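Given these sequences and hints, build the entire structure.
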Amino acid sequence: MKTLRGIPVAPGIAQSSAFVLDQARERIARDNVAESRRAEEVVALDRAIEAASASLEADRQHVERDLGPEAAQIFDVHLVLLRDAALLDPVRSRIRDEGVTAAFAVSEAFHGLAERFRTMGSPIFRDKARDILDLERRILDHLLGRTRERLEQVTDPVVLLAHELTPADAASLSGEQVLAIVLEAGGRTDHASIVASAIGIPVVVGCGDVLGDVSDGDQIIVDGTEGLVVIQPDEDTTARYRRRKEGLERFRASVAPAGETRTKDGIHIDLLGNIEFVREIDGLLKVGGDGVGLYRTEFTYLTSVTEPSEDELCESYSTALQRLGERPLTLRTLDLGADKYTQALALEPERNPFLGLRSIRYSLQNLPMFRRQLRAILRASPHGNLRVMFPLVTTVGEFRQARMLLSDVADELRDEGHSVSDDIPVGMMVEVPSAAIMASTFARVADFFSIGTNDLIQYTVAVDRGNERVASLYTAASPAVLRLVKTVVRAAQRRSVPVSICGECAGDITYTMLLLGLGLRSLSLVPAQIPRVRELVRRVTIEECERLARRIGSLDSERGILKVLRDELIRVLPEIDGELIDD
Numbered sequence: 000m001k002t003l004r005g006i007p008v009a010p011g012i013a014q015s016s017a018f019v020l021d022q023a024r025e026r027i028a029r030d031n032v033a034e035s036r037r038a039e040e041v042v043a044l045d046r047a048i049e050a051a052s053a054s055l056e057a058d059r060q061h062v063e064r065d066l067g068p069e070a071a072q073i074f075d076v077h078l079v080l081l082r083d084a085a086l087l088d089p090v091r092s093r094i095r096d097e098g099v100t101a102a103f104a105v106s107e108a109f110h111g112l113a114e115r116f117r118t119m120g121s122p123i124f125r126d127k128a129r130d131i132l133d134l135e136r137r138i139l140d141h142l143l144g145r146t147r148e149r150l151e152q153v154t155d156p157v158v159l160l161a162h163e164l165t166p167a168d169a170a171s172l173s174g175e176q177v178l179a180i181v182l183e184a185g186g187r188t189d190h191a192s193i194v195a196s197a198i199g200i201p202v203v204v205g206c207g208d209v210l211g212d213v214s215d216g217d218q219i220i221v222d223g224t225e226g227l228v229v230i231q232p233d234e235d236t237t238a239r240y241r242r243r244k245e246g247l248e249r250f251r252a253s254v255a256p257a258g259e260t261r262t263k264d265g266i267h268i269d270l271l272g273n274i275e276f277v278r279e280i281d282g283l284l285k286v287g288g289d290g291v292g293l294y295r296t297e298f299t300y301l302t303s304v305t306e307p308s309e310d311e312l313c314e315s316y317s318t319a320l321q322r323l324g325e326r327p328l329t330l331r332t333l334d335l336g337a338d339k340y341t342q343a344l345a346l347e348p349e350r351n352p353f354l355g356l357r358s359i360r361y362s363l364q365n366l367p368m369f370r371r372q373l374r375a376i377l378r379a380s381p382h383g384n385l386r387v388m389f390p391l392v393t394t395v396g397e398f399r400q401a402r403m404l405l406s407d408v409a410d411e412l413r414d415e416g417h418s419v420s421d422d423i424p425v426g427m428m429v430e431v432p433s434a435a436i437m438a439s440t441f442a443r444v445a446d447f448f449s450i451g452t453n454d455l456i457q458y459t460v461a462v463d464r465g466n467e468r469v470a471s472l473y474t475a476a477s478p479a480v481l482r483l484v485k486t487v488v489r490a491a492q493r494r495s496v497p498v499s500i501c502g503e504c505a506g507d508i509t510y511t512m513l514l515l516g517l518g519l520r521s522l523s524l525v526p527a528q529i530p531r532v533r534e535l536v537r538r539v540t541i542e543e544c545e546r547l548a549r550r551i552g553s554l555d556s557e558r559g560i561l562k563v564l565r566d567e568l569i570r571v572l573p574e575i576d577g578e579l580i581d582d
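Numbering (numbering that gives the first Met the number 0), first residue to last: 0 to 582.
Worth flagging that the hints you see were computed from the coordinates, not collected in a lab.
25 Å max Cα-Cα, derived SDA-like pairs, lysine to any residue:
id: 1; residue 1: K562; residue 2: E543
id: 2; residue 1: K244; residue 2: L3
id: 3; residue 1: K263; residue 2: A252
id: 4; residue 1: K485; residue 2: L561
id: 5; residue 1: K285; residue 2: T262
id: 6; residue 1: K244; residue 2: G282
id: 7; residue 1: K485; residue 2: V444
id: 8; residue 1: K244; residue 2: V571
id: 9; residue 1: K285; residue 2: G246
id: 10; residue 1: K263; residue 2: T509
id: 11; residue 1: K485; residue 2: R558
id: 12; residue 1: K1; residue 2: Y240
id: 13; residue 1: K285; residue 2: G11
id: 14; residue 1: K1; residue 2: R242
id: 15; residue 1: K562; residue 2: T224
id: 16; residue 1: K285; residue 2: R322
id: 17; residue 1: K244; residue 2: A527
id: 18; residue 1: K244; residue 2: I230
id: 19; residue 1: K1; residue 2: R239
id: 20; residue 1: K562; residue 2: Y473
id: 21; residue 1: K263; residue 2: F250
id: 22; residue 1: K263; residue 2: G518
id: 23; residue 1: K263; residue 2: T540
id: 24; residue 1: K244; residue 2: R570
id: 25; residue 1: K562; residue 2: T540
The calculated label-pair distances, taken between Cβ atoms and stated as ranges, are:
id: 26; residue 1: Q400; residue 2: I569; range: 40 to 50 Å
id: 27; residue 1: G552; residue 2: S214; range: 44 to 54 Å
id: 28; residue 1: T154; residue 2: I569; range: 36 to 46 Å
id: 29; residue 1: D407; residue 2: T154; range: 58 to 68 Å
id: 30; residue 1: V571; residue 2: G207; range: 36 to 46 Å
id: 31; residue 1: E574; residue 2: E225; range: 18 to 28 Å
id: 32; residue 1: G396; residue 2: E175; range: 48 to 58 Å
id: 33; residue 1: H267; residue 2: L86; range: 48 to 58 Å
It should be emphasised that the depicted structure is a prediction, and the values quoted were computed from it without experimental measurement.
Just so it is clear, CB atoms sit at the ideal spot from N, CA and C, and this is done for glycine as well.
Put into structure tokens, the structure is as follows:
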């Protein structure tokens with residue numbers, strides 16, 4: 000038995016046989032064709048390109064049906080590349096002029112371009128390299144008469160292991176065929192990770208050399224919550240994970256899927272959803288979500304060949320508002336930069352992108368794009384209960400500039416005859432220590448706060464959350480992080496500013512009582528996590544939670560804090576005991 004730790008992307012537990020997707024790129028040997036056959040070779044290339052385009056379009060329609068139009072936009076990048084004369088004309092010329100085979104010309108051209116992208120360092124260019132190699136594979140499959148994927152021949156459910164997946168590969172997978180995904184490469188915010196997590200199965204990435212330890216048919220346990228991959232588990236481990244999974248399934252079956260969320264002493268708690276796709280709203284409403292606390296709007300930009308138009312954005316935002324009815328939609332403006340660049344922009348990689356031009360800074364330095372998004376947001380505002388939120392605000396000046404721009408755009412739209420809602424709440428993400436420390440000042444200018452714990456933890460404890468070497472240091476149980484959260488909540492309460500919390504800890508029931516005890520009355524989490532958080536809320540009183548928060552405030556170690564939180568959780572929800580990892 001061997002246990003590997005990676006980066007958790009999508010929660011859950013799965014056990015099945017391993018299916019190793021061998022993605023080694025074979026080098027096509029150079030071979031020449033007679034001059035009389037060169038025209039035929041070009042025709043064969045064009046037919047292969049047409050067939051690859053047809054298969055991509057079929058995948059696009061499949062994904063649009065299952066995951067929605069936003070995810071399907073990934074394929075637009077591939078389809079545009081297959082029509083790119085600058086990429087394909089040199090391939091045709093090499094066949095005609097040098098007499099090489101179409102397969103060799105394609106392999107050389109696509110490998111060369113992918114390698115240039117890989118050496119650029121930025122995550123966006125790595126994604127582009129994957130796109131190029133995926134297209135090469137598709138064209139060569141048709142040129143050489145290969146079956147597209149062994150995966151298509153699999154009949155029993157499997158755990159898929161691979162070095163990496165393209166976003167198109169991830170979007171094409173079925174949750175019935177693939178029970179979990181394990182990748183050697185990648186991070187939480189890679190395009191493939193985002194799409195794979197939308198399928199609803201456990202996903203762990205960044206697992207190093209896992210393929211060197213696994214063969215087809217090996218038994219694999221994937222813990223997407225903790226980021227663990229167990230290879231050939233022994234009987235005790237298998238039994239422990241089986242109990243965890245069964246206990247979790249029993250607990251999920253026992254909790255009410257919807258209904259109002261009140262503590263035992265009658266205090267209402269808002270449970271909002273974090274979404275990236277409009278289609279996720281249907282699932283949110285099924286579990287009784289009170290609205291959307293975080294709508295990440297950048298995915299449309301990340302998966303498009305070009306920047307989406309104002310009309311396209313307006314239609315998407317309007318649809319989201321209409322589906323929610325009177326429930327609030329908290330729409331976060333673009334959170335680009337760092338590890339998330341638009342595919343249409345060939346930006347020079349920054350030395351330290353997480354401390355560079357990202358989020359609201361990026362938007363304020365790309366005003367035409369930012370104004371287009373703000374116009375789309377405001378045009379959609381009459382269709383529902385809209386709230387606008389700016390990401391990663393670090394100074395009061397940034398917030399004031401962004402809010403002033405929003406006001407200017409609203410005046411501009413009204414002058415053009417568009418209807419724009421009055422008094423739209425405008426808030427901010429509190430994601431950096433500077434914003435948390437200055438929360439009392441921000442409370443004078445912002446209509447609401449949303450504490451983004453993922454980045455707040457990263458910047459407070461100086462840990463790259465995508466680096467598995469220091470992943471153990473990344474925890475919401477950090478006393479420093481909890482003190483900052485408390486500071487923000489108190490500042491908001493003094494000014495009667497609504498405050499919510501999003502990020503992974505908002506959906507982790509280990510922290511629910513503590514968050515309530517710190518004064519939070521609104522949590523924004525993954526929709527699938529809402530039922531069990533609601534069940535826990537219904538079993539506690541605010542007095543209990545405040546007593547727990549005071550006790551936690553006296554502790555100085557992450558391990559000690561987690562032990563107290565887990566002990567208290569098991570006391571309130573004894574049936575969840577089997578789901579917790581043994582220390």
